[in-house]
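> Sequence:
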Amino acid sequence: MNREKYRAALNATELREDFRKETIEKLTRVTGGRTEKEIELMKTRRSLKHTIAATAAAAALIVSAAAAATLLSPNQVAGELSDSTLQSAFDSVGATRIDQSVQSEGYTFTLAGMVSGAGLSDYAQEVDEERTYVVASIARTDGAAMGDPANNLNTVFTPLVSGYLPWQVNAWTLGGSAASFTKDGVAYYLFDCANLEVFADHTVYLAAYEGDAPSNKEFQMHEDGTISFTNDIKGPHALFTIPLDPAKADPAAAEQMLREIGLVE
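Numbering (the working numbering), first residue to last: 2 to 266.
No lab work stands behind these hints, which were simulated from the structure alone.
None of these values were measured; they are calculated from a predicted model.
Where is the CB? At the ideal position from N, CA and C, for every residue including glycine.
Check each hint, because a few of them may be wrong.
Here are the in silico distance ranges between beta carbons for each label pair [what the hints assert, rightly or not]: (1) Glu266 / Thr142: 44 to 52 Å; (2) Ala250 / Gly186: 35 to 43 Å; (3) Gly186 / Gly164: 36 to 44 Å; (4) Gly107 / Arg260: 39 to 47 Å; (5) Lys249 / Ser89: 14 to 22 Å; (6) Gly226 / Thr71: 34 to 42 Å; (7) Asp149 / Lys218: 25 to 33 Å; (8) Ala254 / Gly186: 35 to 43 Å; (9) Ala146 / Ala253: 43 to 51 Å.
Turn these sequences into a full structure, and let the hints steer you where they fit.
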């Protein structure tokens, strides 16, 4: 993918000004007009099922060094997207190599690594805003080649933050964008959004699934604030916990971010 295509891919995911209004209307339809109290009661009744589902999801998470060795590294992915500044950032001491994999319905999702900061991309040199860049990939578990990402799974990547409803804090409300390409039969994704480190005093997730903006059809938040997929989730999917240093949490910056989203007055 050349620089122009990458820039176009990023611009294509910018949020419209009326996104929040449309999201609220969509959530009202999804929840069937239920009140917040009714939704909380539903979550309480399902707590046992939630615990079982969370245990099963944890058991599915694997770390495969052998598989990771055959994949492009985060800096190589940035290089394929002609972003030399980000390529260097993924080679810096501030970058985190993760290499966690999850298998789901014949596909292997891998969270390769991440880096956060300002001015880390050739396409954001003029922007002072700090952002998080995440590299992930999807491969066929049987070794068959993936085609172009746009012609295969309709995969959505989104961060989620414990304690906040998935349809409130996600890729859409955090200004997320993504670019993708296929190499040697593996689909690679570079996702970026507002700096996730400000939420480092919470559990921060990266979810991958087929669909659109998060709703209560795909996700559920438990009484302790943790988030998981619902039992009704369809298609290949994966939920990773992003390793963040709690010392980098910035509650003031997080509050300002939430205020801009409209969750804090």
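> Please go over all the hints and tell whether each is borne out by the structure.
Checked hints:
{"no.": "1", "hint": "Glu266 / Thr142: 44 to 52 Å", "in the structure": "47 Å, holds"}
{"no.": "2", "hint": "Ala250 / Gly186: 35 to 43 Å", "in the structure": "39 Å, holds"}
{"no.": "3", "hint": "Gly186 / Gly164: 36 to 44 Å", "in the structure": "39 Å, holds"}
{"no.": "4", "hint": "Gly107 / Arg260: 39 to 47 Å", "in the structure": "42 Å, holds"}
{"no.": "5", "hint": "Lys249 / Ser89: 14 to 22 Å", "in the structure": "21 Å, holds"}
{"no.": "6", "hint": "Gly226 / Thr71: 34 to 42 Å", "in the structure": "36 Å, holds"}
{"no.": "7", "hint": "Asp149 / Lys218: 25 to 33 Å", "in the structure": "27 Å, holds"}
{"no.": "8", "hint": "Ala254 / Gly186: 35 to 43 Å", "in the structure": "40 Å, holds"}
{"no.": "9", "hint": "Ala146 / Ala253: 43 to 51 Å", "in the structure": "47 Å, holds"}
Of the numbered hints stated above, none is contradicted by the structure.
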